[in-house]
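Okay, here's what each chain looks like letter by letter:
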Amino acid sequence: MWAILWKDLLLELRTKERVSSLFVLALLIILVFVFALTPEQLKQPAFGSALLWVALVFAGMLSIQRAFILEQERNCFAGLLLCPIDPGQVFFAKFLSNVCFLIIVEAVVAPLTLALLSLSFSVSLLGLVLVLLCGIVGFSALGTLCAAIAVRTRAREIILPLMLLPLLVPLFIAAVNVTGALLAGEAWTGTWFRILVAFDVIFVVTGWLAFGFVVQE
Amino acid sequence: MKTVTTHSDLVDSFLPWLTCVAMLAALAMVFLYVPNERVQGEVQRIFYFHLPSAWMAFLGFFIVAGASGAFLWQGKRSADLLARAAAELGMVFCSLVLLTGPLWARPIWGVWWTWDPRLTMTLVLWLIYAAYVLLRVFAGDTETVARYAAVLGIVGVIDIPLIYLSIRLWRGIHPKVEQMAPEMAWTLLVCTGAFVCVFAWLLRLRLRSLHLRDEIRALRQHLVAAS
Amino acid sequence: MPYLFAAFSVVWIVIFLYALSISRRQRELSREVEALRQMTEERTKTESS
Numbered sequence: 001m002w003a004i005l006w007k008d009l010l011l012e013l014r015t016k017e018r019v020s021s022l023f024v025l026a027l028l029i030i031l032v033f034v035f036a037l038t039p040e041q042l043k044q045p046a047f048g049s050a051l052l053w054v055a056l057v058f059a060g061m062l063s064i065q066r067a068f069i070l071e072q073e074r075n076c077f078a079g080l081l082l083c084p085i086d087p088g089q090v091f092f093a094k095f096l097s098n099v100c101f102l103i104i105v106e107a108v109v110a111p112l113t114l115a116l117l118s119l120s121f122s123v124s125l126l127g128l129v130l131v132l133l134c135g136i137v138g139f140s141a142l143g144t145l146c147a148a149i150a151v152r153t154r155a156r157e158i159i160l161p162l163m164l165l166p167l168l169v170p171l172f173i174a175a176v177n178v179t180g181a182l183l184a185g186e187a188w189t190g191t192w193f194r195i196l197v198a199f200d201v202i203f204v205v206t207g208w209l210a211f212g213f214v215v216q217e
Numbered sequence: 001m002k003t004v005t006t007h008s009d010l011v012d013s014f015l016p017w018l019t020c021v022a023m024l025a026a027l028a029m030v031f032l033y034v035p036n037e038r039v040q041g042e043v044q045r046i047f048y049f050h051l052p053s054a055w056m057a058f059l060g061f062f063i064v065a066g067a068s069g070a071f072l073w074q075g076k077r078s079a080d081l082l083a084r085a086a087a088e089l090g091m092v093f094c095s096l097v098l099l100t101g102p103l104w105a106r107p108i109w110g111v112w113w114t115w116d117p118r119l120t121m122t123l124v125l126w127l128i129y130a131a132y133v134l135l136r137v138f139a140g141d142t143e144t145v146a147r148y149a150a151v152l153g154i155v156g157v158i159d160i161p162l163i164y165l166s167i168r169l170w171r172g173i174h175p176k177v178e179q180m181a182p183e184m185a186w187t188l189l190v191c192t193g194a195f196v197c198v199f200a201w202l203l204r205l206r207l208r209s210l211h212l213r214d215e216i217r218a219l220r221q222h223l224v225a226a227s
Numbered sequence: 001m002p003y004l005f006a007a008f009s010v011v012w013i014v015i016f017l018y019a020l021s022i023s024r025r026q027r028e029l030s031r032e033v034e035a036l037r038q039m040t041e042e043r044t045k046t047e048s049s
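So the protein sequences, as listed, match chains A, B and C. Counting from 1, one number per residue, gives the positions in the first sequence under the working numbering. Counting from 1, one number per residue, gives the positions in the second sequence under the working numbering. Counting from 1, one number per residue, gives the positions in the third sequence under the working numbering.
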């Protein structure tokens, strides 16, 4: 498991293509939204958090897809499955590598978004990190499972968002609300945060258990 | 095995008639028997088809989940076909909910659509169904795809409570169920019965055609192998 | 009430369309069965001759 994770990270270290392209993409999505909204709307914390998560979801989707397409193109997945390892471990490797990439991207994009929208930095930094982390974990868990399915179908670029986005509804609503409360300086550890954590736990476990059904030949 | 086939034959010959009778009874009750609702007037009669459609959509989803689980557990082809047929039907009934809902909302609330929790929930459900059906369409019809679809069906049903919870919280309290007059309750009951019949009938038809296709494929392969 | 009428016709139209799609697929299948039958008949002919 650590070997696969290490391989993914090493590949990225050498080429840096995934993180850099994700970073630019997230920035572009934010730019599109800034142009689409009026300056008054942009000042509201609710829009800041919505923007942050829209950028994260769409950039993250491409990131996950990229990971599996790479494996599929070079036919590495079949080789990986021939190894005598548990598919659950393959899941964790893929899931963790994606979490790492999104953390790196978000570490730059999140402060940048706050700065671009001139939102205050005086929010609970720990809270922000925690919320982003929870969002990334839940997203990557479900995303890894769905991408493993989508990559081996025709029209995989379109089928992944079709599967993933409706399933992500609870994560998205919860994350946007917690972030919005955080940015507005309100209490954020309420029901929404609990839903977010519950989503993470449920889908990490589901992904781990179900991955075997998806990847076996 | 013999009894099973005769039993299903009986159901097959019986079900279309039952469906027709139930549907006629339901229509008669909706248009002739049940009194007008006091506040909403005639339009409220949409409700007797709207709510059973929603229940059938949910029923479809649970059949998909159950059959998917059975398929992953035992790997039976018939469970996979059942999940597939139920998903299609669930999507049909979900579409009915989404079509009749706005037609009811427009004269009553003055808008086609509100982001009411139930409406939103139905829309999300429809989208999950759509993804499931499209996965089947895009990915072809192999053992692997059957497993993918089963995983998606189960993940969907795991997600439903979370979706429901988050949507409820997102838009506050939803409209509460009012006390129903006995005539209304009876009409609703008969309509639900009629919808169950339609659902079961269409499900059987679709299942039969799926099984037939499997048999034809097997035969064709057999012939090709023999020649 | 046009809305009531519209809602009920929509229900019927959707169910009808779905039934139609099932019957269309059924027709395709029976065509395939026909093709298979011909294949087997030809084969039995060639075998007997």
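Hints listed in this document are in silico derivations from the structure and should not be mistaken for laboratory results. Warning: the hint list may mix true and false statements.
Claimed, not checked - A few chain B positions that, by computed beta-carbon distances, are all more than 10 angstroms from chain C:
| no. | residue |
| --- | --- |
| 1 | Cys20 |
| 2 | Leu72 |
| 3 | Gln74 |
| 4 | Pro107 |
Stated by the list, open to error - Reference listing, derived: stretches of chain C covered by chain B, where coverage requires no fewer than 3 residues with Cβ under 8 angstroms from a Cβ of chain B:
| no. | stretch |
| --- | --- |
| 5 | 10-21 |
| 6 | 24-30 |
| 7 | 36-45 |
Cβ coordinates follow ideal geometry from the N, Cα and C atoms, glycine included.
Now the hints, each set against the structure:
| no. | hint | verdict |
| --- | --- | --- |
| 1 | Cys20 | holds (13 angstroms) |
| 2 | Leu72 | holds (26 angstroms) |
| 3 | Gln74 | holds (26 angstroms) |
| 4 | Pro107 | violated (5 angstroms) |
| 5 | 10-21 | holds (count 6) |
| 6 | 24-30 | holds (count 3) |
| 7 | 36-45 | holds (count 4) |
The structure is inconsistent with hint 4 alone, although it conforms to all the rest.
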